[in-house]
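*Asks:* First to last, the sequence lines map onto chains A and B. The opening position of the first sequence corresponds to residue 1 in the working numbering, with each subsequent residue numbered one higher. The opening position of the second sequence corresponds to residue 160 in the working numbering, with each subsequent residue numbered one higher.
Because the hints were derived from the structure by calculation, they are not lab data. Don't take every hint at face value.
Below 25 Å or equal to it, Euclidean Cα-Cα: the simulated SDA-like pairs (lysine to any residue) are [claimed, not checked]:
# : chain 1 : residue 1 : chain 2 : residue 2
1 : B       : K222      : A       : P55
2 : A       : K72       : A       : S24
3 : A       : K60       : A       : E7
4 : A       : K126      : B       : G174
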Amino acid sequence: MQTKKFEIIEQAIDVESIRQKVMSRNAGAVTLFIGTVREMTKGKKTLSLQYEAYPPMAVKMLEQIEREMLEKWPEVKVAITHRVGHLQISDIAVVIAVSSPHRKVAYEANEFAIERIKQIVPIWKKEHWEDGTAWIGDQLENVPYPKGHPELEEESQND
Amino acid sequence: MIEILFFAHLQETMGQSNLAAPLAGKTVAEIKDWLENEYPLLSLKQVMAAINEEFAVDQTIVKDSDTIAFIPPISGG
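One chain only, chain A, in its complex shape:
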């Protein structure tokens, strides 16, 4: 079976296996973004998190992000795995590996990927606090998407 570049999985993510997916003899730099579960957000203590996805669409959107990246940076290779299910503090929720001949593009393209994930990939997190739970949304948007799809913005308020 061919290795999948984009996956939504329920098990712990093996970071090294994601890095290996982007290796090539042309790579001179690999950036790894590892998103982890944070305990404190704006003074509120998270006990654990639950992630849910619409997996087939999430994979399609990750493939779209790859196409956007290749338009901007034709020489990059990218692999992304997002975990769903119940996660504890410090667990790894997402890993993005980007390789490129040179380091600057590897950094830029990796940041582009996480920003786009937060805009177009159908994944949701539910916070479990000491005093209750809530599904989190509106990381970037406060109004319905006016053009029918999420748009690229400069800054993420919440990561």
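Go by the hints and put chain B onto chain A.
*Replies:* Structure of chain B alone, referenced to chain A:
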């Protein structure tokens, strides 16, 4: 018939993840209105729709055997 999918808080409000409904030929906006009428606790404001796993606009018509998913504001990463 069309298949309707719910996620995150919408799924909790509905008490189910999916629903089949005889709404082929309706637009996304009409389906949202229909659901909000049938399920008064459900609010689909600020909720995106995807048809067959692609984002869709309010005017898009949903065809027979399509799957429409309601995508609340996302929070992955």
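*Asks:* Are the hints correct? Go through all of them and say.
*Replies:* Hints, one by one, checked against the model:
Between the alpha carbons of K222(B) and P55(A) the distance comes to roughly 22 Å, so the proposed pair stays at or under 25 Å and holds. Between K72(A) and S24(A) the alpha-carbon distance is near 19 Å, which keeps this suggested pair within the 25 Å criterion. In summary, the hint linking K60(A) to E7(A) is supported, as the alpha carbons are separated by about 10 Å, within the 25 Å threshold. The straight-line distance between the Cα atoms of K126(A) and G174(B) is roughly 16 Å, inside the 25 Å bound, and the hint therefore holds.
In summary, the structure agrees with every hint in the numbered list given earlier.
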